[in-house]
Every structure is written in C-alpha cells, then in structure tokens.
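Novice: Residue numbers (the working numbering), protein chains in the order written: chain G, 352 to 688; chain R, 188 to 478.
Think of the hints as simulated: they come from the structure by calculation, not from any bench. Among the hints, erroneous ones may be present.
Here are the simulated SDA-like cross-link-like pairs (lysine to any residue), alpha carbons at most 20 Å apart as the crow flies [unchecked claim]:
#: 1; chain 1: G; residue 1: Lys646; chain 2: R; residue 2: Pro306
#: 2; chain 1: R; residue 1: Lys411; chain 2: G; residue 2: Gly605
#: 3; chain 1: R; residue 1: Lys411; chain 2: G; residue 2: Ala600
#: 4; chain 1: R; residue 1: Lys446; chain 2: R; residue 2: Arg329
#: 5; chain 1: G; residue 1: Lys646; chain 2: R; residue 2: Thr381
#: 6; chain 1: R; residue 1: Lys245; chain 2: R; residue 2: Phe257
#: 7; chain 1: R; residue 1: Lys446; chain 2: G; residue 2: His498
#: 8; chain 1: G; residue 1: Lys646; chain 2: R; residue 2: Gln407
#: 9; chain 1: R; residue 1: Lys446; chain 2: G; residue 2: Lys646
#: 10; chain 1: R; residue 1: Lys447; chain 2: G; residue 2: Leu496
#: 11; chain 1: G; residue 1: Lys646; chain 2: R; residue 2: Ser299
#: 12; chain 1: R; residue 1: Lys411; chain 2: G; residue 2: Leu672
#: 13; chain 1: G; residue 1: Lys394; chain 2: G; residue 2: Ala600
#: 14; chain 1: R; residue 1: Lys245; chain 2: R; residue 2: Leu317
#: 15; chain 1: R; residue 1: Lys447; chain 2: G; residue 2: Ala493
#: 16; chain 1: G; residue 1: Lys394; chain 2: G; residue 2: Ala641
#: 17; chain 1: R; residue 1: Lys411; chain 2: R; residue 2: Val304
#: 18; chain 1: R; residue 1: Lys411; chain 2: G; residue 2: Leu604
#: 19; chain 1: R; residue 1: Lys411; chain 2: G; residue 2: Leu609
#: 20; chain 1: G; residue 1: Lys646; chain 2: R; residue 2: Gly305
#: 21; chain 1: R; residue 1: Lys411; chain 2: G; residue 2: Thr614
#: 22; chain 1: G; residue 1: Lys646; chain 2: R; residue 2: Leu302
#: 23; chain 1: R; residue 1: Lys447; chain 2: G; residue 2: Asn495
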Amino acid sequence: MTAPPTGWSDHPAARALAGRHRLRAWEPIPWLLALAFYFAFPKYLGFGTEVLVTILFALSLDLVLGYAGIVTLGHAAFFGAGAYTVGMLAKHGIWNEPITGLILAALVAALVGLGSGVVLLRTQGLTLLMLTLCTMALLEEAANLAHDYTGGFDGLDSLPIAPLLGWFEFNPLYPRTQYLYVLSVLLVCFVFVRTLVYSPFGQSLTGIRENILRMHAVGAPVRRRLVLCYVLSAAIAGVAGGVWAQANAYVNLGTLGLDRAATVLIILVLGGHGRLYGAFVGAIAYMALAHFLSKIYPTAWQLGLGLLLVVIALFARNGILGIVEAAVRRQHAPRVT
Amino acid sequence: MIFGVDFASMLLGGVAAGMVLFIVSVGLSVTMGLMGFVNLAHGGFAMLGGYAIALAMKHWGFSFVTALVFGFVLTAAVSAVLERALYARLYGADELDQVLFTIGLVFMMIASVTLLVGPENQPLTLPPFLRGQINLGIIQYRAYSVALIAIGIVIVSVLWLGFERTRLGAQIRAAVDNRRMAESLGINIARLFTITFAFGSGMAALGGGLGAEFLGLDPQYALKYLVYFLIVVAVGGLGRVSGVFWAALLIGVLDFALKKYVPQGGTAFIYALSILLLLWRPQGLFGARSA
Numbered sequence: 352m353t354a355p356p357t358g359w360s361d362h363p364a365a366r367a368l369a370g371r372h373r374l375r376a377w378e379p380i381p382w383l384l385a386l387a388f389y390f391a392f393p394k395y396l397g398f399g400t401e402v403l404v405t406i407l408f409a410l411s412l413d414l415v416l417g418y419a420g421i422v423t424l425g426h427a428a429f430f431g432a433g434a435y436t437v438g439m440l441a442k443h444g445i446w447n448e449p450i451t452g453l454i455l456a457a458l459v460a461a462l463v464g465l466g467s468g469v470v471l472l473r474t475q476g477l478t479l480l481m482l483t484l485c486t487m488a489l490l491e492e493a494a495n496l497a498h499d500y501t502g503g504f505d506g507l508d509s510l511p512i513a514p515l516l517g518w519f520e521f522n523p524l525y526p527r528t529q530y531l532y533v534l535s536v537l538l539v540c541f542v543f544v545r546t547l548v549y550s551p552f553g554q555s556l557t558g559i560r561e562n563i564l565r566m567h568a569v570g571a572p573v574r575r576r577l578v579l580c581y582v583l584s585a586a587i588a589g590v591a592g593g594v595w596a597q598a599n600a601y602v603n604l605g606t607l608g609l610d611r612a613a614t615v616l617i618i619l620v621l622g623g624h625g626r627l628y629g630a631f632v633g634a635i636a637y638m639a640l641a642h643f644l645s646k647i648y649p650t651a652w653q654l655g656l657g658l659l660l661v662v663i664a665l666f667a668r669n670g671i672l673g674i675v676e677a678a679v680r681r682q683h684a685p686r687v688t
Numbered sequence: 188m189i190f191g192v193d194f195a196s197m198l199l200g201g202v203a204a205g206m207v208l209f210i211v212s213v214g215l216s217v218t219m220g221l222m223g224f225v226n227l228a229h230g231g232f233a234m235l236g237g238y239a240i241a242l243a244m245k246h247w248g249f250s251f252v253t254a255l256v257f258g259f260v261l262t263a264a265v266s267a268v269l270e271r272a273l274y275a276r277l278y279g280a281d282e283l284d285q286v287l288f289t290i291g292l293v294f295m296m297i298a299s300v301t302l303l304v305g306p307e308n309q310p311l312t313l314p315p316f317l318r319g320q321i322n323l324g325i326i327q328y329r330a331y332s333v334a335l336i337a338i339g340i341v342i343v344s345v346l347w348l349g350f351e352r353t354r355l356g357a358q359i360r361a362a363v364d365n366r367r368m369a370e371s372l373g374i375n376i377a378r379l380f381t382i383t384f385a386f387g388s389g390m391a392a393l394g395g396g397l398g399a400e401f402l403g404l405d406p407q408y409a410l411k412y413l414v415y416f417l418i419v420v421a422v423g424g425l426g427r428v429s430g431v432f433w434a435a436l437l438i439g440v441l442d443f444a445l446k447k448y449v450p451q452g453g454t455a456f457i458y459a460l461s462i463l464l465l466l467w468r469p470q471g472l473f474g475a476r477s478a
C-alpha cells in the first residue's frame, strides 16, 4: 500500500472502527417498542417484567462470555447474591428502599465476584468451568443451610418493598410500576455496558478473548482486566437479581441454581453472544416460546430446546443475530468494508 | 467396638458408592483428556444405559447380568453413532459450543425418555443372590455393596491392565499426553477416539445400571449427578484411570460419611473441598502438570 500515513483515516476500515460506537438510527426502536408494550398489553406486564429482568441478566453474562470469553456455568451465583441481598434486608426489616437496595445488591454481588474471580480466573478450560459451577453450588447449599436468615428451601416471600421514590407502590397483581422500573434499570445498565464495551477497556477484553497470548505479549494486564470485567458483570447480574426479588417480592433457591445459569447461557447464545443486542433478541425469543409452549407441552418443549441448542452449536454459532448479520452482509456483498 | 463396626460399615458403603462413581466417570475422564471435549452429556449416557438395563429386565425378562451386558453394548453403539455423526464436528471448537451442544443433547435425552417411558423412577429388581446381608467376619453387610466393591475392583484391574499393558492403551496414553505427536507417529486418532468414546459411554451405562439401586433412575438422573461425575474427573485429573479411581473413592467415602454424620451441609463441604483441591492443583490431584 503506497498511501501516505495521513490517508489511513480515510480508509473504510478506519472509518468503520472510528464510528463503531456511534448510535445507530434504529437503536431507540427497541426501547420505544418496550414502552409501547406497556400501553398495548397491560395484561402481560408481569411476563414483560420477567423478560426485561432476563435481558439484564443475559446482558451481564454477555460481558464475561461474549466479550471476555470466560465460559462460566455459575453466573446465577451473582443473580442469587443480589436477590438474597434485597430479600434478606427487606424481610428482616433492615432496608427496603428499592433503588438503594439495588445498589447494595450490586455491591454484594460485586464482592462475591471479586472474591471468586481473583482466585478462579487463574485457571482456564474445564477447571474454570468446574470452579464456577462449584462456587455457585456452594452458595446455593449455603443459602439452603442458613434457613434462619434465608428461609432455606422455601425462600422468603411477601417481601415488604417500600414504594418506589416514596410514591409508586409495587403491586404484585398489577405490575405496572415494576415494568417501568425494571425498564429504567435496564436502560441505565445497558448504557453503562454499551459505553464499556466500546471503551479501550472493552477493546482489550475482546483482545483477550481473541488471543490471550498476544495480549500478554503486548503488556496488557490480562488478569486484572479479566477480574475487573468479572466484577462488573457480577454487579450487573446482582442488580438483575435484586430487581427480580423486588418485582416478585420473593426470593428462593431457584435464583442460585444451575437451571437459571444454564437458561441464561442458552438465551444469550440463542440471541448471539458478543453482540450488545443478543441478550434482547435471545431473551424475547426464548421467553415467548417458553411462555406459550412449556405450559402446554413441557416435555416437547425440552426436546425442542435441546434440538435447538444442538443445531445452534453445530450450524449457527452466532445465534439469531449472527444469522441476520450474515444475511445483511450477503446483501451488501459488493462493497466489502 | 461399636464405633469400629460403625466405621467399617460406613467405609464399605462409601467404597461401594465410590466404585459406581468410578465406573461412570472413567469414560468421561479419558474422553475429556483425549480430545479436550467438555462432554456434559456423559450423565445422559449413564441414564440411557440404566434405562436399557432396567427395561430389559422388566419387559424382556433379561437376567441382571445379561441386562448389564445388553445396556453396555446398546449404549456403546448409540454413542459411537453420535460421536461419528455429531461430536466429531466439534473437536477443536470453542468450549462454549461443546457445552451448548452437550447440554442440548442431555435435554433431548431427558425429554425422549420422559416421553417414551415416563417421568417416574424406574425400580431395578436385584437378583436374589445379591439381596440381603452377607457375613464378612466382623460385620454383617449388604451383599449388593460387597458385590459392587468386587465388581469395581475387577473393572479397575482390567482397565488398568488394558491401559498400561496393551497396544491400544499405550496409544490412548500417548494421545492424551501429546495428541499431535501421537498423530505424527501414525496413530489413527479419530478411530481411537470413537473406540474410547463408545467404551466410556458403555461403562457409564454399566454404572447407571449398577448404581440405580441407591442413586435411583429417573430422567433427571442425567443432570442430577453430573456435578459429581465432573468433580471426580476434575479432581482425578484428565485421562488418568488411576486418578479417577482414587478421586471416586475419596468423593464416595466422603459423601457417604458426611451424609451420615453431618446430614446438613455435607454437600457444601464436598463443593468447598473440590474448589480448594482444584485451586491447589488445577490439573487434578493425580493429573500430570500440563506443559
């Protein structure tokens, strides 16, 4: 290439890289749709709230799995840590203000993430997978044993959550407040994650995922970055757990289980991991299918889900968004950027 | 004296459980060590094998021993087909894809068994000569547990001999230690892996049948005990028959003792111990340090 160094900034690749973080024209659409859902389907707001919480949880997993490339089977540990923080503080009459409660949930989950991340992230492969799994199982077992504080197997129900901003009641039967509240929390967390992944820090995470040896070689503090990413992701998962506990006014052992950890992994991969909107697409597709199919044909649903996973792993490794991207790229094939 | 008898019976029960853990997990260890494949569907093969054995005895009047052989052969054949058709496409793929693929496979196994046989527990009737108590000199103990220990010892001896003294075993060990070098020396890795995979799944089936008496046998079996199998493999070290054996005994005895003396919190202790062991030696207690 004979172009002078100054010409590089005009190169299509350079322009694509420099403009990656810019807001696309379509990006407000999902949020407007979510708002429209509030007015259009008042009867399905409970389901909608559940979907929004799942999106938030999947988004937190995307940070570690999709961007940093850490394969974990124990992400529900942080969801549960957040949920139990909110639940135990409210049940024992210590703290029940929702927004500060979420901050506490994030802090506790981040601490769990820090404590486990510092030691776990030294390992990789099967050992790492096993350690994440065992950590979560250990937390679940601990929550089961400390039933004086956590309610044990039955969990804690009818949590007395204070009205939002001192004004808006959380009504479990008409979850209007919950829906808008979770939507706002999701928006705040999404803006944070979006900023993070396009920052130099996010770039270095992608670098670690793609080639960890090279990142070591160029002098990046690989372990510190991974731990930080793990802690941030844990905090967001903690927020998801906390908001789930507030919206449903209960916590149980299910928030810490392998079921939840496996489901969120499936959701993220179904949507497309390493893509900001994968969590959205995956959660909506999965939850809508699960909501209508699993009640009528639970076994067939499991069979179909298994088949779907096998097909994704073998043929569509980037999920639904990956398929869409490939289709779009094919249409624009002549002008490769 | 009472404590001694108590202790001996606890040890026997734990060792019997450990033997079942070993029989199920050994195939997982070797296939994971050989191809680095994270096979979460291994418990599914144990479940399928257990069902084949239980149903063959119930509906077709197979004896316990022939049913075990039948379960072994059937599961090995099914897994060989799956390995050639599907698993082989994911060798060298991301761990994530392997995890998803095998979780999907487990879901399909669980759902198919639920659809075809039903969600309830399948009772497995032991033949008369394995029921009741047996006199061991100092104590009376359940004949079946003693038989399990004997079977386990026979299997581990045969496996050890096969692993250490046969050509195939040497090829497997070579491939676990250095796959590329083994391949360069003309060892047919693909064929080797199909054989090991089928054999390992067959062993899992055997374990599923042998352990059904105290682990139960329902569709959820495939996921319920998976963590235990994985812990045994991770603690024992990948691709090490003797490592898996000692790890299985350790976990079996510990689990049995803890369930007896600390019914609350015993499982938590096992998890905590595995975390510490894996942090101390990520390659497993008995695994070689990876280069």
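Novice: Would you pick out the hints that fail for this structure and give their numbers low to high?
Specialist: Per hint list: 3, 5, 9 and 12 violated.
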